[in-house]
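So the chains spell out like this:
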Amino acid sequence: MIVELGHLSLILALMVSVATVLLSFEGARRGHVASLAWSPRLSIIQFVLVSASFAALTYAYVTSDFSVLNVALHSHTEKPLIYKISGVWGNHEGSLLFWALVLTLYAAAVSVFGGKLTPSFKARALGFQSLVTSGFLLFMITTSNPFLRIDPPALQGNGLNPLLQDPALAFHPPLLYLGYVGLAVVFSFSLAALVEGRVDKRWASNVRPWALLAWGLLTGGIALGSWWAYYELGWGGWWFWDPVENASFMPWLAGTALIHSVTVVEKREALKSWTVLLAILAFSLSLIGTFIVRSGVLTSVHAFAVDPERGVFILGFLAVVIGGSLTLFAMRANLLKPKGQFEIISREGSLVFNNLFLVTVLFTVFLGTLYPLFVDAILGEKLSVGAPYFEATFIPLFIPILFAMVLGPIMAWKKASLRATLYRLKYVAIASVVFVALVAWMTSTYEVLALLGLALGLWVLFGVLWSVADGMSLGRVSLASSYNRLRGFTLGRWGMFVAHLGIAITVLGIAVSATWSDETLANLRVGEGADVGAYHFRLDGLQPVAGPNYSAVRAFFSVSKIGDTSQEITVLMPEERTFWSPPTQTTEVAIYSMLKGDLYAVIGNETQGGRWSARLYFKPLITWIWFGGILMMLGALLSMFDRSARRSDGEDK
Amino acid sequence: MTTPAKKRKQQRLLLIIIALVLLSVVAALMMRAMEDGITFFISPTEIAENGKAVGERFRLGGLVEEGSVSSEENGLVILFNVTDTLNSTPVRYRDILPDLFREGQGVIAEGSLNADGVFIADKVLAKHDENYMPPEVMDILERAENYDENKDENN
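In the order they appear, the protein sequences are chains A and X. Sequential numbering of the first sequence, starting at -16, is according to my numbering. Sequential numbering of the second sequence, starting at 14, is according to my numbering.
Keep in mind that the hints are not guaranteed to be accurate.
To give an idea of the chain A side of the interface with chain X (calculated C-beta under 8 Å), a few residues [stated by the list, open to error]:
no.	residue
1	Asn128
2	Leu350
3	Leu366
4	Gln526
Source of the hints: derived by calculation from the structure; they are not laboratory data. Ideal Cβ positions, reconstructed from N, Cα and C, are used throughout, including at glycine.
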């Protein structure tokens, strides 16, 4: 009964969203006040209906109602409650429902918090948002209905891939989707602005918080996913340039460009049409990302052929949304006349530089990700584009971005001098170079790429610290007035510092862990040990373990410094787990995080003569990668709450 | 004095030039990166027929041949044959075996051939669960199955 109500609610939501589209656009076109007032209300009703639908599916999962096909395929009675719930969005149909839920959630949020928007703009934005929602709901109801029943009901569910039964992965998709779909708001605002032919400071300051929120959540989602890959997959890696990862990375790159260019619109009323184009691009990539991950097209192009209905709908939907918005852009972009003039060497110029490189990186990632699909579809040949391709294109393009990241924020708007800017940063440059030289000499490492990465990370780190000190005129005025200046920093400025600091921390984590990690493949009897860099891992014993829905072998490794075996640092307990339903084996990594790095152990299988294979690592500063991600997210949120830009309208007029 | 409109045009031109230069640099970068970034899926039959250069990286797909698994270094090194039912290629892998590595099951190994024609794998991917067969392996097996028919048609 509840399941049927959920289904009904979904159909009602589709009807309401179509009504919202018609009412909003007609109302805005005619300037009909009563219709305009209904647009936000209907958006909130959509949210309520989709929430009810989502709650119904969640209920079916929690009660293990195996008469529902989706639940029977993806759940199991013995699964812990939290994974029953996360199972709701862990499959194609459920994840679409979650998408629709977030789409309507954002529309409702715009309805409630968008008080500063004019009624007609708000209606148009909600109209576009509802158009996307309608597409999603229609797709779900016609081809991917999560509420389908089976008769007779299944006795037991199929279960969920045990790799996915993990707290970080339970919350990785929701965070990612909150980011993806947040870009839909920016998209809707951009299309509404195109219809009205007006992109100005006001528009930018209305869009900026949504763009920052979406970007921050996307950053968090990607970081969480990468952390999961690090501790769950057991390969010691944290990013594999897998198409699934790239699918989330591409909207992130577009979003990064977007939050920078929207600042230029807000402060200087330049780069208007470019910003709108980026917003369209960012959301289009979110859509493409969701669909290529969820449709199964990545594992095989033939997934489309197996299920042609879905494939055709997806391609049609993408064509309508992307093609339609680009057509609208082509027709209306000429109305967006830039106001603010600027020289190439200026704050604006540096942001254009940032955008140019980010979009270029995006292009190379896009090509590498989709190339195997094209080749398979056209030539029928199987190939994969691996990490070497992405590293060879990504790294050279990111070096200029990191270098310019320190220069841009200290340049003046309109016109600046490159030489003077570089000269101001002389101590930052010297400090970075000296530090790198010391590290190279002390560790006898002379790999150019490793040292360059380290140098750039330090350059950004010191650059940010110097900028803060410079902004408060530290040492040039009294401490008290320095402190006052510090307090005078806007939240936007703080956000920028914190986010850039996050980039520096992540870059340092990547460079150091990639260069100075130690790895040993060992084959040990109980009582034997192996050396990993400066550490000694000793296999103390093995023990069978019974979990809630698996059985496991647990190994005990006591870790100590080489030459000081009496001082035990920690005992690592990796496991090899065997799940019953579906029958699957996974390795459970054991990690001990220290300030200077992670001790990481993976237990393999029993080999011969009572030996067990194991992979043991020391990974210096690796947690900095995700810590930097948290800082970036925090920076975005800080900046989001900056209202000062709106108050000081017209500072340059 | 340059007028704002003229200046804007100049700037746009400069920007287009910068973008074009960047684009050509990137194109060159990508061409180079593609050379060692792309790995092909190859079947044992394709190796038997066309050969493969020593040291060239590719992915070998097929089934773990029944009765072919043996080991060295107290089990740390695994030797096995990958077969597509027509031909088979010996593989050497020194690492932890993936979960669910079994004789007669689908497998993908990544690495390169050595001078003795042994495929030195540094990555072995087996399936995650009992029901799943990697699509690439499926493809290779299908090709092998249709092999004789294709031969006949060509003659």
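Consistency of the hints with the structure:
1. Asn128: 24 Å, violated
2. Leu350: This interface hint holds because 7 Å falls under the 8 Å limit.
3. Leu366: 5 Å, holds
4. Gln526: With Cβ-Cβ at 19 Å, over 8 Å, it is violated.
In terms of the numbered hints stated before, the structure departs from hints 1 and 4, listed from lowest to highest.
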